[in-house]
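Chemist: Listed below are the residues making up each chain.
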Amino acid sequence: MTRRIAYIASNTFREAVRDRVLYNLILFVLLLVGSAVLFGQISMEIERIVVINLSLTSISIFGVIIAIFIGIQLVSKEIDKKTLYTVLARPVRRWEFIIGKFFGLVETLTVNTCFMALGFYAALFYVSNGLHKSDLNILTAIYFIVLQFVVITSLALLFSSFSTPIFSAIFAFALFVIGTFADDLKNFAALTEGTTHWLITGVAYLLPNFGSLNVIGSVAHDQPVSLALFVHNSLYAVLYSCAAVCGAALIFERRNLK
Amino acid sequence: MKSARQITGILSFLLIVCFGGSVLAERKVDQLRPAATLEEMLYIPSSKVVRRMSVGFEALVADIYWTRAVQYFGAKHIDNTNQYKLLYPLLDMATDLDPRLIPAYEFGSVFLTQPPPRGAGEPLKAVALLQKGIRQNPNSWRLYQGLGFIYYMELKDYPAAGQAFEQGSKIPGAHPFLKVMAARTIQEGGNYQTAQMLWQSIYESFNDGLIRENAMTHLRALQVDQEVLQLEALVRAYAARTGHLPAGFAELVAAHVLSSVPRDPLGYPYELLPDGHVMVKFYRELPFITHGLPPGQRPSNMDLSTRHK
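Protein sequence lines, in the order shown, are assigned to chains W and U. According to the numbering used here, the stretch in the first sequence is residues 1 to 258, in order. According to the numbering used here, the stretch in the second sequence is residues 1 to 309, in order.
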């Protein structure tokens with residue numbers, strides 16, 4: 001079982017790295033990271049902060065775009081090209097296919113993020129005339145960005161298991177935007193009472209919380225991220241993604257592919 | 001290989017367990033992070049820019065700004081804070097984007113007028129907001145009512161209050177009490193009865209619980225102020241007749257000066273102090289009262305009862 005999932009994951013990874021659009025997006029991020037150096041120079045005393053903020057924001061936004069646009073095609077592409085039938089004709093279960101696809105894309109995004117992070121650290125090295133011990137703190141923010149990608153990938157996969165690519169992209173992107181403002185939703189819930197309170201609280205927990213996975217502002221100002229937050233955010237992202245992937249697998253198990 | 005039914009069962013179980021776990025983890029994350037607050041920042045202060053950015057949907061954006069103003073006020077109100085610095089900019093933005101958003105003028109002016117911590121304590125800004133509303137909606141008599149109320153209660157400008165009520169009363173469909181209020185504010189500005197009538201009109205004409213509760217609190221305070229003054233006058237008259245101050249209200253009841261021991265609007269008996277002053281039993285439960293307070297206690301605009309909970 002693990003072997004079959006690993007095969008599907010590695011094939012998904014290989015397929016994704018062949019995509020030219022992916023390289024264009026990564027190049028664009030690296031250009032933005034480079035421009036952060038120039039932007040910092042026309043400002044006052046915030047060169048380092050601008051490099052961190054602009055670079056990590058670019059990595060996050062473009063990573064999410066990559067996750068959504070590759071994630072929504074994972075299933076539909078296989079159906080369109082009829083390669084899915086070849087795969088499922090072998091002793092591969094549908095849920096194994098979904099989980100393999102998920103891991104393949106997460107692997108792709110992690111490797112991409114590593115490259116983008118390298119570009120970012122190069123820019124930071126240039127601006128700060130070297131790297132310091134406190135710069136390691138930024139790795140936490142990058143790790144949280146990867147967790148965002150894991151969650152959004154699982155959601156893209158969930159939507160693509162029952163919807164068309166365009167609608168899946170719209171749903172996933174809308175959830176990303178709503179999830180970024182999850183704190184406001186909880187705030188709103190706190191101001192209400194009775195059924196409305198429980199309803200909004202329920203919706204707030206049902207939607208992904210991307211707000212807590214964004215610590216870019218804190219690390220830009222050298223504020224450390226607590227170990228407890230690190231652990232619980234990791235736990236949250238893993239469990240939420242796992243639930244979404246289970247949902248995707250459940251739907252895909254019952255989907256009529258004829 | 002497992003059957004399809006078994007796989008469905010396992011996946012469903014995993015989905016529930018993982019989602020439940022994610023809720024618990026998120027709750028822990030919420031505890032670890034600083035409490036999410038409505039930030040003291042107006043991201044785009046120019047209504048012209050917001051109007052352009054809303055690409056024709058400015059009415060919806062105005063609704064969002066108004067909702068944000070309400071949430072901002074609600075959150076600050078719960079915190080019993082004295083700072084409402086973002087309230088007026090939010091209301092101004094909402095009404096710039098949708099000049100016909102009457103509730104924003106009506107309720108927004110109430111939020112702005114009330115003294116801290118019940119509101120922003122900025123009656124002049126409330127007047128500016130209502131005047132803007134009247135310019136945009138000259139047929140809304142409720143805005144004139146609000147304007148007259150602020151002039152009367154907060155700014156003590158009785159002629160201006162009367163003028164606002166009078167202008168409002170001329171609008172077709174205006175409530176008849178505007179005419180009465182116009183006459184009384186001009187003739188009898190500053191007395192308890194007029195104030196009582198104004199708060200009563202607010203209590204009766206608004207459906208919102210917060211506004212009605214506030215009006216009721218003021219009505220109770222006005223009742224206490226009047227009753228305390230009347231009781232103290234009775235005590236003084238009794239002392240002048242008998243040559244000594246009564247030991248308590250029971251003595252006045254025994255002397256047939258009072259039919260029973262008087263009680264405040266909350267149902268607690270008034271207390272008679274040895275110096276002849278009358279005091280309410282729980283002054284914290286009766287905000288806004290100016291008479292019947294313990295010796296040395298200054299009148300307060302704060303709702304002390306909620307503050308000490």
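Hints were generated in silico from the structure; no laboratory data involved. In this text, a Cβ means the ideal position worked out from N, Cα and C, and glycines have one as well. A hint or two may mislead.
Which bits of chain U does chain W cover? Going by a derived footprint, with three or more residues having C-beta under 8 angstroms, they are [stated by the list, open to error]:
1) 7-15
2) 68-77
3) 148-158
Chemist: Each hint needs a verdict: does it hold in this structure or not?
Modeler: Evaluation of the provided hints:
1. Counting residues of the region 7-15 of chain U whose C-beta sits closer than 8 angstroms to any C-beta of chain W gives 6, which meets the bar of three, so the coverage hint holds.
2. Only when three residues or more bring their CB closer than 8 angstroms to a CB of chain W does the claim for the region 68-77 of chain U stand; here the count is 3, and the claim holds.
3. Counting residues of the region 148-158 of chain U whose beta carbon lies closer than 8 angstroms to any beta carbon of chain W gives 0, which falls short of the minimum of three for the stated coverage.
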